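Produce the entire structure from the sequences given, and follow the hints as far as they go.
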Amino acid sequence: MNTDKFQYSKLTAKKDIQQLGSILEQCFIMSSGDSEIYIPRIGVENLRAIYQDQRIVGGLAIVPMSQWWGGECVPMTGIAAVGIAPEYRGSGAAIALIENTVQELYHQEVPISVLYPATQRLYRKAGYEQAGSYCTWEISTENIQVRDTSLLLQPVDPKNYQIFHDLYQQQAKLTHGYLNRHSAIWQGLTQPDGREAVYGYLMGDKDQPQGYIILTQERTQDGVNLKVRDWTMLTNAAVKTFWSFIANHRSQIDKVQWKGSIVDSLTLLLPEQTAKITQNQRWMLRIIDVVKALEMRGYPPGISTELHLAVKDDLLPANNGKFILSVANGRGEVTQGGKGELQLDIGGLAPLYSSLFTPHQLQLTGKIDATQTALLAATQIFAASSPGMVDFF
140 MNTDKFQYSK LTAKKDIQQL GSILEQCFIM SSGDSEIYIP RIGVENLRAI YQDQRIVGGL
200 AIVPMSQWWG GECVPMTGIA AVGIAPEYRG SGAAIALIEN TVQELYHQEV PISVLYPATQ
260 RLYRKAGYEQ AGSYCTWEIS TENIQVRDTS LLLQPVDPKN YQIFHDLYQQ QAKLTHGYLN
320 RHSAIWQGLT QPDGREAVYG YLMGDKDQPQ GYIILTQERT QDGVNLKVRD WTMLTNAAVK
380 TFWSFIANHR SQIDKVQWKG SIVDSLTLLL PEQTAKITQN QRWMLRIIDV VKALEMRGYP
440 PGISTELHLA VKDDLLPANN GKFILSVANG RGEVTQGGKG ELQLDIGGLA PLYSSLFTPH
500 QLQLTGKIDA TQTALLAATQ IFAASSPGMV DFF
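Count along the sequence shown starting at 1, add 139, and that's the number in my numbering.
Because the hints were derived from the structure by calculation, they are not lab data. Worth double-checking, as some hints may not be accurate.
[To be verified] In silico DSS-like pairs for lysine-lysine, Cα to Cα no more than 30 Å straight-line: (1) K379 - K366; (2) K298 - K461; (3) K312 - K298; (4) K298 - K264; (5) K366 - K345; (6) K431 - K264; (7) K431 - K415; (8) K478 - K312; (9) K431 - K451; (10) K461 - K506; (11) K379 - K345; (12) K431 - K506.
[Said to hold, decoys possible] What follows is a list of derived Cβ distance ranges for each label pair: (13) K312 - G476: 27 to 37 Å; (14) L407 - L261: 36 to 46 Å; (15) R194 - G476: 44 to 54 Å; (16) V363 - L515: 31 to 41 Å; (17) F167 - S322: 19 to 29 Å; (18) F167 - Q356: 17 to 27 Å; (19) G476 - E357: 38 to 48 Å; (20) T413 - K153: 31 to 41 Å; (21) S322 - G441: 46 to 56 Å; (22) A467 - E226: 50 to 60 Å; (23) L291 - E472: 46 to 56 Å; (24) K298 - P456: 45 to 55 Å; (25) S148 - S322: 19 to 29 Å.
The structure presented is a predicted model; accordingly, all values stated were derived computationally and were not measured. Glycine residues also receive a C-beta, built at the ideal position from the N, C-alpha and C atoms.
So this is what it looks like as structure tokens:
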């Protein structure tokens, strides 16, 4: 497919920004004018467009953030709002847009990139692969049955999200795959989408809170639901207070929903396995710079070993070749060369890096080809909890 007919660019002209907004509204079934809220929130400087014959045919948003891996915050750029005008779909515009974006990120020295795929095939062509989970959990308020409110709950105005930021960061640092959020994500969590009210509560002493909850309530045909937009709990007392607080809504609320990973520790406090996953989606990750990505994340502190990699990347030539990853004291160092005992393409490196699958599972599915020595080293190096995220972008 010939992608040379497309031109990739930032947006500067007002008419082009408006045109991309119209394309995104159609692609994502938005209401007319919704893009006028989204674009200022994400920032015009973060929009990218693909053109053919000087006509804008699609675009996306890049979201500069970082992501927690092994207790270290790795710079990461999220890809959001990827949209191609319907009359140009199947023309190669989408892959041209994504490949140009990946190349731009490499020149910006970004180590990794993450996105939520509408279709995996497109993004796999550009080197992205499954790397973590994003789940919606649900439970009936009648099934919570936790009655231990040991902390004071204090209402706060959620629009001032700085009050939650430091608490969230403490939880994020300990959670494999969590984001250091862009301001647009915080705004989406704390500001109403329509007519609904957004409520915020701190748990514990206001000077030293132990957690928070941000929530909305909505009426549906099936009853009244409480949606936990965001939450942080740093202590056992905070978890108990959270469940007790939610259970106390049972006279008016039928169901509660919250975001979590596929293995959610909050459910361990429930008396029965009555909480269910109603949505399970996997986000995808792309290693943009092999050396930076491997050196900037954290590793298990109690190991000292090395892994000999042979990486193939059809899009970014600098990632091709043999690398030795030496791990000690929780940090990694990468040097060129080595035996190439674990062979993989750039897509196969993503789920290894994130620990979504074990090296043995990746070998079984053909994502890597490794010796037993390399499999053992990789298993030690990338041992971690299942990666998850509570943010959609």
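Verification of the supplied hints:
1. This hinted pair checks out: K379 and K366 have alpha carbons roughly 18 Å apart, not beyond 30 Å.
2. Taking the CA atoms of K298 and K461, the gap is near 49 Å; set against the 30 Å cutoff, the hint is violated.
3. The suggested pairing of K312 with K298 holds, with an alpha-carbon distance near 23 Å, which does not exceed 30 Å.
4. Between K298 and K264 the alpha-carbon distance is near 40 Å, which puts this suggested pair outside the 30 Å criterion.
5. For the hint linking K366 to K345, the alpha-carbon distance of about 24 Å falls within 30 Å, and the restraint holds.
6. With a C-alpha separation of about 22 Å, the suggested pair K431 and K264 falls inside the 30 Å cut-off, and the hint holds.
7. Taken as a hint, the K431 and K415 pair is broken in the structure, with Cα atoms around 38 Å apart against an allowance of 30 Å.
8. A hinted pair counts as satisfied when its Cα atoms are at most 30 Å apart, and K478 with K312 does not qualify at roughly 34 Å.
9. This hinted pair checks out: K431 and K451 have alpha carbons roughly 16 Å apart, not beyond 30 Å.
10. This hinted pair checks out: K461 and K506 have alpha carbons roughly 17 Å apart, not beyond 30 Å.
11. Only pairs whose Cα atoms come within 30 Å are accepted, and K379 paired with K345 is accepted, the gap being roughly 18 Å.
12. The suggested pairing of K431 with K506 holds, with an alpha-carbon distance near 22 Å, which does not exceed 30 Å.
13. One distance hint, 27 to 37 Å for the beta-carbon pair K312 and G476, holds here, with the actual separation near 33 Å.
14. Take L407 and L261: their Cβ atoms lie about 38 Å apart, and the range 36 to 46 Å holds.
15. With their beta carbons about 48 Å apart, R194 and G476 fall inside the hinted range of 44 to 54 Å.
16. Separated by about 53 Å at the C-beta atoms, V363 and L515 break the suggested range of 31 to 41 Å.
17. Judged by the Cβ atoms, the range 19 to 29 Å given for F167 and S322 holds: they are separated by roughly 21 Å.
18. Distance hint check for F167 and Q356: the Cβ-Cβ separation is about 25 Å, which falls inside the suggested range of 17 to 27 Å.
19. At roughly 58 Å, the beta-carbon separation of G476 and E357 lies outside the given 38 to 48 Å, and the hint is violated.
20. Range check, T413 to K153: Cβ separation about 53 Å, and the 31 to 41 Å hint is violated.
21. Between S322 and G441 the beta carbon distance is about 37 Å. The supplied range of 46 to 56 Å is therefore violated.
22. Separation of A467 from E226 is about 55 Å and conforms to the stated range, judged on CB atoms against 50 to 60 Å.
23. For L291 paired with E472, a C-beta distance near 47 Å keeps the hint of 46 to 56 Å intact.
24. Range check, K298 to P456: about 47 Å between beta-carbon atoms, so the 45 to 55 Å window is met.
25. At roughly 24 Å, the beta carbons of S148 and S322 sit within the given window of 19 to 29 Å.
Comparing the model with each numbered hint stated earlier shows that hints 2, 4, 7, 8, 16, 19, 20, 21 do not hold.
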